[in-house]
Amino acid sequence: MGVAGCGKSAVGESLAAALGAAFVEGDRLHPPENVARMASGEPLTDELRAGWLDAIGGRIAAAIADGQSVVAACSALKRGYRARLLGFCPELRFVYLEIDAETARRRVGSRKGHFMPASLVDSQFATLEAPTADEPALTVDGTGPISDIVAGVLDELRTKTS
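Just add 68 to wherever you are in the sequence shown, counting from 1, and you've got our numbering.
Note that these hints are calculated values from the structure, not bench results.
Here the structure is a predicted model, which is why all the values come from computation and not from measurement.
One thing to keep in mind: the hints can contain errors.
Stated by the list, open to error - Derived Cβ-Cβ restraints for the label pairs, each shown as a range:
| # | residue 1 | residue 2 | range |
| --- | --- | --- | --- |
| 1 | A194 | S215 | 30 to 36 Å |
| 2 | T171 | E203 | 20 to 26 Å |
| 3 | S108 | G212 | 31 to 37 Å |
| 4 | S108 | G135 | 17 to 23 Å |
Unchecked claim - Computed list of lysine to aspartate or glutamate pairs in DMTMM-like fashion (alpha-carbon distance at most 20 Å, straight line):
| # | residue 1 | residue 2 |
| --- | --- | --- |
| 5 | K146 | D122 |
| 6 | K146 | D95 |
| 7 | K146 | D223 |
| 8 | K146 | D216 |
| 9 | K146 | E197 |
| 10 | K228 | E159 |
| 11 | K146 | D190 |
| 12 | K228 | D190 |
| 13 | K146 | E166 |
| 14 | K146 | E110 |
We put the CB at the ideal spot given by N, CA and C, even for glycine.
Put together the whole structure using the sequences plus the hints.
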């Protein structure tokens, strides 16, 4: 989880591969209306995110019901969004990829073929409620190499399940 450009997809795909887990790309579950709004530079409201979060939560729950491990990439910017996802899977754990606004703008601005414009990065930071100690979340530096981030997350997961 985290703002646009923090590395959710890249880290999520690598983490899923390392765990032998299914991967859910949250961006692919946005309805066309949400994609069009973001592409035109309009940030999403809580109401517009609700169905999207439910689609992600549903995919997570379905994978678990099928006996699969699953990793999902989703911004989950607010505590309430994370609580909504936890409603689908109470044992869900979040990995918050923390980055600064300048890095996010640079990364989003250099992406090719993605609907999210760099002009929306500031709105992502304005919406962001970083996870607090009472949430099931691990905060990691999202600016490091993907392999290092994944190794750190795997170490943390092993520690918590031992």
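To see whether the hints hold, each was checked on the structure:
Range check, A194 to S215: about 31 Å between beta-carbon atoms, so the 30 to 36 Å window is met. Our hint of 20 to 26 Å for T171 and E203 holds, since their Cβ atoms are close to 23 Å apart. S108 and G212 have their C-beta atoms about 33 Å apart, which keeps the hinted 31 to 37 Å range intact. Between S108 and G135 the C-beta distance comes to about 41 Å, which lies outside the given range of 17 to 23 Å.
Distance hint between K146 and D122 is fulfilled; the C-alpha atoms sit about 14 Å from each other, no more than 20 Å. For the given pair, K146 sits about 17 Å from D95 by alpha-carbon distance, which is consistent with the 20 Å threshold. Using a Cα cut-off of 20 Å, the hinted pair K146 and D223 is violated, with the two alpha carbons roughly 26 Å apart. Restraint check: the Cα-Cα separation between K146 and D216 comes to about 26 Å, which exceeds 20 Å; the hinted pair is violated.
Note on K146 and E197: the hinted pairing holds, with a Cα-Cα distance of about 5 Å set against a maximum of 20 Å. About 12 Å separates the Cα atoms of K228 and E159, which keeps this hinted pair within 20 Å; it holds. Restraint check for K146 and D190: the C-alpha separation of about 15 Å stays at or below 20 Å, so the hint holds. Between K228 and D190 the alpha-carbon distance is near 34 Å, which puts this suggested pair outside the 20 Å criterion.
The suggested pairing of K146 with E166 holds, with an alpha-carbon distance near 14 Å, which does not exceed 20 Å. Restraint check for K146 and E110: the C-alpha separation of about 18 Å stays at or below 20 Å, so the hint holds.
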